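End of the sequence shown = 145 in numbering that gives the first Met the number 0, gap-free, step of one.
You may find that some hints are simply not true.
FRET-style restraints, in silico, Cβ to Cβ [stated by the list, open to error]:
| id | residue 1 | residue 2 | range |
| --- | --- | --- | --- |
| 1 | Asp141 | Ser119 | 36 to 44 Å |
| 2 | Leu139 | Leu24 | 16 to 24 Å |
| 3 | Asp72 | Leu50 | 27 to 35 Å |
| 4 | Tyr143 | Pro46 | 31 to 39 Å |
| 5 | Asp141 | Lys71 | 26 to 34 Å |
| 6 | Leu124 | Asn96 | 29 to 37 Å |
Below, simulated DSBU-like cross-link-like pairs (lysine-lysine); rule was C-alpha separation at most 30 Å, straight line [what the hints assert, rightly or not]:
| id | residue 1 | residue 2 |
| --- | --- | --- |
| 7 | Lys71 | Lys35 |
| 8 | Lys45 | Lys66 |
| 9 | Lys45 | Lys115 |
| 10 | Lys115 | Lys71 |
| 11 | Lys106 | Lys66 |
| 12 | Lys71 | Lys123 |
These aren't lab readings, by the way, just hints derived from the structure by calculation. Since we're looking at a predicted model, the values are computed, not measured. Glycine is no exception: its CB is placed at the ideal position from the N, C-alpha and C atoms.
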Amino acid sequence: MASGVRGLNDRQRFLDVNEEPDKLLSPLPMPVTGGKGIQSLRECVKPVLNLNLVEDLLNKVAYSLEKCEHPKDGLTQDQSAALYLYSLQTSFYTRYNGALRDEDRTKAVPFYDYYKLFMSALNKLPSIQDNVWRGVTANLSDQYSS
């Protein structure tokens, strides 16, 4: 049910450093939401669904909700499913990251409600201090001081 994007594999997903902007982007535009709080995952993806950016998105959302029926760490089912949806090898991950990385900040607007739900989930998770390693297929040493 959670099929991958044609050509997107683990290596591409974790080595997409070339897609990251090389400069600081302007802040994301904050659309006027009329005071509505965090919504369900199904509601959050409606603006993305309306643009037909992600193939089979409703089924991926249903699958994510099913997999996250009994969340842990104090998350709601929708919060847990938002994280799960992001972790699937689907075009959602690619489109979401692409919108967040784009210099045209308006491209992120359809993802705003999802972003709020996603961040509310991350903020509930316990903090840990550890090393995170990321493999890349490029020499990035000139970007860091010794």
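Going through the hints against the structure:
A hinted range of 36 to 44 Å holds for the C-beta pair aspartate 141 and serine 119, which are about 37 Å apart. For the pair leucine 139 and leucine 24, the beta carbons lie near 19 Å from each other, so the given range of 16 to 24 Å is met. Range check, aspartate 72 to leucine 50: Cβ separation about 32 Å, and the 27 to 35 Å hint holds. A hinted range of 31 to 39 Å for the beta carbons of tyrosine 143 and proline 46 is consistent with their spacing of about 37 Å.
Under the hint 26 to 34 Å, the C-beta atoms of aspartate 141 and lysine 71, about 42 Å apart, miss the expected range. In this structure the hint that leucine 124 and asparagine 96 lie 29 to 37 Å apart at CB is violated, the actual value being about 20 Å. With a C-alpha separation of about 25 Å, the suggested pairing of lysine 71 with lysine 35 holds against the 30 Å cut-off. Taking the CA atoms of lysine 45 and lysine 66, the gap is near 20 Å; set against the 30 Å cutoff, the hint holds.
As the CA atoms of lysine 45 and lysine 115 are separated by approximately 14 Å, the hinted pair is consistent with the 30 Å bound. A C-alpha spacing of about 19 Å is found between lysine 115 and lysine 71, which places the hinted pair at or below 30 Å, so the restraint holds. Between the alpha carbons of lysine 106 and lysine 66 the distance comes to roughly 29 Å, so the proposed pair stays at or under 30 Å and holds. Distance hint between lysine 71 and lysine 123 is fulfilled; the C-alpha atoms sit about 10 Å from each other, no more than 30 Å.
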